[in-house]
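Line by line, the protein sequences give chains V and S.
In this text, residue positions in the first sequence follow UniProt numbering: the first is 1, and each later residue adds one.
In this text, residue positions in the second sequence follow UniProt numbering: the first is 1, and each later residue adds one.
It should be emphasised that the hints constitute simulated quantities derived from the structure, not laboratory data.
Be a bit skeptical, because a hint or two may be false.
[What the hints assert, rightly or not] Selected chain V positions facing chain S (Cβ under 8 angstroms, derived; list incomplete): (1) A11; (2) A14; (3) T15; (4) I16; (5) A18; (6) Q52; (7) R60; (8) P62; (9) S63; (10) K67; (11) R176; (12) T178; (13) G294; (14) E299; (15) A301.
These figures come from a predicted structure and were not determined experimentally.
Just so it is clear, CB atoms sit at the ideal spot from N, CA and C, and this is done for glycine as well.
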Amino acid sequence: MQVDQAPLEEAFEATIAANDRIEPRDWMPEHYRQTLIRQVAQHAHSEIIGMQPEGNWITRAPSLRRKAVLLAKVQDEAGHGLYLYSATETLGVSRDELTRRLISGKQKYSSIFNYPTLTYADVGTIGWLVDGAAICNQVPLCRTSYGPYGRAMIRICKEESFHQRQGYELLMTMMRGTDEQRAMVQESVDRFWWPALMMFGPPDGDSPNTAQSMAWGIKRHTNDELRQRFVDMSMPQAEALGVTFPDPELKWNEERGSYDYGEPDWEEFWHVVKGNGPCNTQRVAHRKAAYDDGAWVREAASAAAARNEAEASQARVEQAPRPSLRGSDGRVETR
Amino acid sequence: MSDAHITQDTEGEHDNAYAGLLGNDAHWAFGTDFEDPLAGVDTTIPDGVDASELAQYCLMLGDDALVYAQRLSEWTSRAPDLEEDIAIANIALDLVGQARLLLARAAAADPALVPSLPEGSPVPDEDRLAYFRDAGAFRNVRLAEQPNGDFAELIARLLVMSTWRLAIFQRLVDHQDAVVAAIAAKGVKELAYHRDFAGRWFVTLARGTGESHRRLTDAMRTVWPLIPELTASTETESRVGVDPATLADEIGVVLDQVLAVAGITAPETPGLAGVRGRTGRHGMHSEALSRLLAEMQVVARAHPMGRW
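If we strip away everything but chain V, and leave its shape as in the complex, we get (with noise of 0.2 angstroms):
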């Protein structure tokens, strides 16, 4: 049966227009499902991935309060996975099914995540620049037109600032130790300042996507907009701090009212995109190694859900008190 769509799209473009939400009951254009899928799921996925670069100073981590703070940090993480996965199973993808698009390969994930974590001031300048730029992106998402995925964004956010504040305390705490604590922050800050600018995409120009975000309300600014307002933001931050950033062009533009900055290595940026950053292997597979290790596990909570389900049905039909939970011959059942 042929469905007159106009009438679907007119509601979808008035609800866009007036800057509501579209819920997941709603009609929406297919082209906007895949996009927000395409989206929503780079967005779990970074946060899953997010947790290794991090996770790997845990087990270092030089005190027991920064311990708990880490671990708390990237457990975090995996909670604002679940979220993200949760909006995107309301537009009919599983977990399950973009966990195996992940580890394929067939989707990506924020390649800040692909450089490596060298030192714990790493850790501070992830928390300070990485989450920086993450939450720049993702505040203005908190009025994205599709509500599951605007509703999660606004609880992400408000524990990423957490976060942001957690790492730039760790760093200010370390500037004020030793000489070698001091060399080991402007050593990190160097290291992530251009993957950090790197973050919110390639230059205007080169962004295919942009334009038809922006008109459906799944975007709100352009890259290069985001990058600049985090360049103006960051500035004073590394001022108090007592750190540089490696730029030389990076200066007061007061005719704009803004910092000019230098341009970054877009080549070093495609060829990360492209899965040939320092980490992308190592970050996929371990995430696969995870997931191919577990299964096991899985498995076995669904069919012990499934036998416990039947063992409870078979107790109704019977009307009789709930069966010992081995099996007839006393043993325990296996497959």
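Model the placement of chain S on the given structure of chain V, informed by the hints.
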């Protein structure tokens, strides 16, 4: 969307990632600086309690938590599913919290226990104890330090560890030392959850598939030989804390109950011997501990004057 609209949007307070970053902000989880975790608590040693023995006892319980939390935290980003990743991290976090309180209590009760660092080092006592002792000075049971193995081994070990520790903490709630009693009261709730998590998974794996059942059986053969050490008396424990020997029956009853629901039988394995009778509580560990500590302590030891 007009430019004016964008500008208006971007100036909302939630759009500025850095708002308040430098200001005097409300409190953050785990504090913004090192704070004495026992601040405000009466740390006077009660009459009739030997301070140095109390310190040794806190070290034992603190090291169990610290070393086991270290093992659990190795699971981060490796669990079978996100829900388990989060749960395991939670358990590790609880135990790091218990370790901090107990090590701080040990240091306060007997400052002579705390390793000395160069003059002026800002490293707090709990971290001196955690990061600047060698394996032979650790007093945890050997069960805590064993390498992780697979998820079945995690669950089997967690079931035993949390059952045992919960039994101890339930008794310590009435301890003469107000600090130990308070730590125990907080820990009981946490440990009850750990045991519940482990017990549910234990039954699930036992009743799941042939493979999960086989893996669980194998795991029990690895874990069960370390149980007798948990209920072997030492003089310090019997005098100042809970005599582990008095826990054997209770732990047995709990484990039997879980095993019965799971429909699985305990392996007939003898307890793991010590060296001339010395085990974890005496500083005699398995090979795994020094390696675990080498990793855990590497950054802290490189910066004895460092601030974190």
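Checked hints:
1. Taking 8 angstroms as the C-beta contact cut-off toward chain S, the hint placing A11 (chain V) at the interface is violated, the least distance being around 20 angstroms.
2. A cut of 8 angstroms between beta carbons decides the hint on A14 (chain V): the least distance to chain S is about 15 angstroms, and the hint is violated.
3. Annotation: T15 (chain V) was flagged as interfacial toward chain S, and the flag is violated, the nearest CB pair being 15 angstroms apart, outside 8 angstroms.
4. A cut of 8 angstroms between beta carbons decides the hint on I16 (chain V): the least distance to chain S is about 11 angstroms, and the hint is violated.
5. Annotation: interface hint on A18 (chain V) violated; nearest CB of chain S at approximately 13 angstroms, more than 8 angstroms.
6. Because the closest C-beta pair between Q52 (chain V) and chain S is about 5 angstroms apart, less than 8 angstroms, the hint holds.
7. The interface hint given for R60 (chain V) holds, since its Cβ lies 5 angstroms from the closest Cβ of chain S, which is under the 8 angstroms cut-off.
8. At about 4 angstroms, the closest approach between the beta carbon of P62 (chain V) and any beta carbon in chain S falls short of 8 angstroms, and the interface hint on this residue holds.
9. Look at S63 (chain V): its Cβ gets to within about 4 angstroms of chain S, closer than 8 angstroms, so that hint holds up.
10. With 8 angstroms as the threshold, the beta carbon of K67 (chain V) comes within range of chain S, its nearest partner Cβ sitting at about 6 angstroms, so the hint holds.
11. For R176 (chain V), the interface hint holds, the least distance from its beta-carbon to any beta-carbon of chain S being 6 angstroms, beneath 8 angstroms.
12. Residue-level restraint check for T178 (chain V) holds (minimum Cβ-Cβ distance to chain S is 5 angstroms; threshold 8 angstroms).
13. Taken as an interface hint, G294 (chain V) checks out: its beta carbon lies about 3 angstroms from the nearest beta carbon of chain S, inside 8 angstroms.
14. A distance limit of 8 angstroms between C-beta atoms decides the matter here; for E299 (chain V) the minimum to chain S is near 6 angstroms, and the interface restraint holds.
15. At its closest, the beta carbon of A301 (chain V) sits 6 angstroms from a beta carbon of chain S; the interface hint therefore holds under the 8 angstroms criterion.
Of the numbered hints stated above, those contradicted by the structure are hints 1, 2, 3, 4 and 5, listed in ascending order.
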